[in-house]
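Asks: Numbering (UniProt numbering), first residue to last: 1 to 708.
Hint data in this document are derived by calculation from the structure and do not stem from the laboratory.
Some clues are possibly wrong.
[What the hints assert, rightly or not] Cross-link-like lysine-lysine pairs, in silico, DSS-like; alpha carbons within 25 Å at most:
id, residue 1, residue 2
1, Lys539, Lys690
2, Lys539, Lys527
3, Lys208, Lys188
4, Lys690, Lys527
[Said to hold, decoys possible] Restraint ranges, calculated between C-beta atoms of paired labels, are given here:
id, residue 1, residue 2, range
5, Leu288, Ser482, 34 to 40 Å
6, Ala290, Ala222, 46 to 52 Å
7, Glu578, Gly609, 16 to 22 Å
8, Ala510, Gln664, 26 to 32 Å
9, Pro548, Arg503, 35 to 41 Å
10, Gln664, Gly623, 47 to 53 Å
11, Ala663, Arg503, 52 to 58 Å
12, Arg454, Gly623, 48 to 54 Å
13, Ala372, Ala269, 22 to 28 Å
14, Asn186, Pro525, 51 to 57 Å
15, Ala302, Arg454, 16 to 22 Å
16, Asp479, Gly100, 35 to 41 Å
17, Ser594, Tyr446, 43 to 49 Å
18, Glu495, Gly348, 23 to 29 Å
Backbone N, C-alpha and C define an ideal beta-carbon position, used for all residues, glycine too.
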Amino acid sequence: MAETAGPLALTDDRAKVAGDVIRAIAGDDARLRADQETAVAALCEAAARVLVVQATGWGKSAVYWAATAIRRAEGFGPTLVVSPLLSLMRDQVGAASRAGLRAATLNSNNIDEWSNIEHDIRSGAIDVLLVSPERLANPGFGRRVLDGLAGQIGLLVIDEAHAVSDWGHDFRPDYRRVSDVLQRLNPKTPVLATTATANSRVTDDVAKQLGESTLVLRGPLARSSLQLAVVDALSPLDRFAWVVDELPKLPGSGIVYTLTVADAQRLAAVVQEVHGRDVPVAAYTGQLEAGERENLEDALRANQLKALIATSALGMGYDKPDLGFVVHVGSPPSPVSYYQQVGRAGRGIDHAVVALLPSDADSGVWDYFATATIPVPENVQRLLRALEGYGPDQPASVPALEAETGLRRTRVELMLKQLAVDGVVDRVERGWVRTDVPWSFDAEHYDGIVSVRRREADIMRAYTRGDRCLMQLLQESLDDPSAEPCGRCSVCLGELPAPLVSRPDPETVATIVRLLRGEVHVLEPRKMWPGGAFGARGKIPPALSAEPGRIIVYADAPEWREVLSGAFNGSPSPDAVEALKAGAVAALSRWRGSWSGRPEVVVPLAAGGYPELTSAVADHVAGVGRLDRAELTVDRTGFTDDLSSAEEARVWRDGLQVDDATAQAVTARTVLLLVDATSSQWPVTVATAKLREAGAAAVLPLIIHKRP
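Required output: the full structure, derived from the provided sequences and hints.
Replies: Right under this line is the structure:
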């Protein structure tokens, strides 16, 4: 790996082409910075490897547009840009057009255009092709496009290159498929990698993957337009109320980040309920269709929304130069990811407000993220055993592997991608197959990753405590040697900058509690048996299925936090029981207009092991609704917290019985199945099947607490 000793210069002809591009993108007075010119000049040479680590808004994309224009003018093939997000690719297509380049992207939103785009690529009509790392991993894309381009690519760009490194905050296994492209390339093809969020370890790792002669251009990461602040000592409910109170006062439009999809949806709903059209907001998560995400991005860019209330799905690549604020409801687990997200603000304006609202509850999310991507050896072996039954003529689909292993689909998909990186499995056009490469768990490597992530969490704790200048701490976490106190953050000032306040209005907090407890949470029934230890797999027959149910308390809902503590901590407290009784009646009242038939009998199921609470709520519901009561026979022998999906379903199948009296009570009637707590839904699914087998006409599940 090589650091530049001095700036490289462009020849006059190349400088003219690059200058035309920069002026077209950024205005008549725009000029290449010294490091930009150095990078462009290097990329004009054969076999160059360049890694640019610069702050958000520095102009990294201008480097590859200028280099592309020069290389195309000199007769080289198109540039291939590997980019992580659809929003980033859309912005880049527009920027390329302004630079006088014809760019195209192949993504799930333009499938109808793929054939024409692929034809234009082969004919040389396209200057830049943007693809996602997931597209690179698609065998069909490799066969149709990459094989033909392999010797023709004029420049390869790896955007957000920290995702190539599993030491980075946002490692994506599919990004490692970039190495396949590198191997297919003409050795003389230049390669550019760019990121704003790489510390020294990640920088070294990415540079090593690119090649020993990689030129690293690293600049200062301080952002003078950002005024950082921490609003500490807020409860989860206080944080929601703070956003409701402060959002109208914040400058311009911006982003409010949450740690979970549920929080994004709930906070957006609360703001909409309180402020209506006066403060327009929308929830933005990875669960939205690509077209809907695109519409929301455009609405924020056009200032039609005050804010998008978003998960990290809105991060890398979203470009709105006048974004006036970024608020985090909950602290990300890494200072690197936090720096990347706050970097959306203040790119084209002199001042933007950045506020972090931490909570003690954040640490649980951090612990999850620290280990979420680490493979569990037992699960990997289970997956590999399932793959042994498949071959090239009949590859395994993800749904088939999910059913055979009892592992969740998202977990199966992640493990397959990780195993593909190591060559242990291979993705073919109709699924996945096992290779001859053996697999072993590299405990030392993964222990190191977890250790790094936990150290990063400690840095975020120091940030939230305000141990020292906030910008300086972020810079130090990225190994920026220019780190120094900024003089404008809440630590340097000794107070919160206007218009931020330390506490929300108590009346707003009360309003939030009322609104959130009135939410409707639908429980969609499971549709497939788990296979594996359970035995049966495939679709659950309609005759054994539940109706869509309801949930009183979803996940770690802050408005129920004290109630959950009182209800599920030994003997339930009277106040908690009364609150849940009221919650059950309210849920049934809101549900009434959409159920298939009015419940006639209540059947409690203490799936979480709280029979006293479950019976109390069931008795109350039966009394209020004038419903009959019946009981299931429950044997929890063999139930532990570490069971696989299939094993848990088997335990419930063996442990639940419907006696003759209950069968008589439910026959030809609609049953309200009231469950205390579950995360997997298998007790609900299995109990429903047994009640339907006993003659119940329909089963309506009502869960007191749906655990995450």
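Asks: Against each hint, give a clear statement of whether it holds in the structure.
Replies: Structure-based check of each hint:
no.	hint	verdict
1	Lys539 <-> Lys690	16 Å, holds
2	Lys539 <-> Lys527	6 Å, holds
3	Lys208 <-> Lys188	18 Å, holds
4	Lys690 <-> Lys527	15 Å, holds
5	Leu288 <-> Ser482: 34 to 40 Å	39 Å, holds
6	Ala290 <-> Ala222: 46 to 52 Å	34 Å, violated
7	Glu578 <-> Gly609: 16 to 22 Å	21 Å, holds
8	Ala510 <-> Gln664: 26 to 32 Å	47 Å, violated
9	Pro548 <-> Arg503: 35 to 41 Å	40 Å, holds
10	Gln664 <-> Gly623: 47 to 53 Å	22 Å, violated
11	Ala663 <-> Arg503: 52 to 58 Å	56 Å, holds
12	Arg454 <-> Gly623: 48 to 54 Å	50 Å, holds
13	Ala372 <-> Ala269: 22 to 28 Å	26 Å, holds
14	Asn186 <-> Pro525: 51 to 57 Å	54 Å, holds
15	Ala302 <-> Arg454: 16 to 22 Å	41 Å, violated
16	Asp479 <-> Gly100: 35 to 41 Å	37 Å, holds
17	Ser594 <-> Tyr446: 43 to 49 Å	46 Å, holds
18	Glu495 <-> Gly348: 23 to 29 Å	28 Å, holds
Hint violations for this structure: numbers 6, 8, 10, 15, all remaining hints satisfied.
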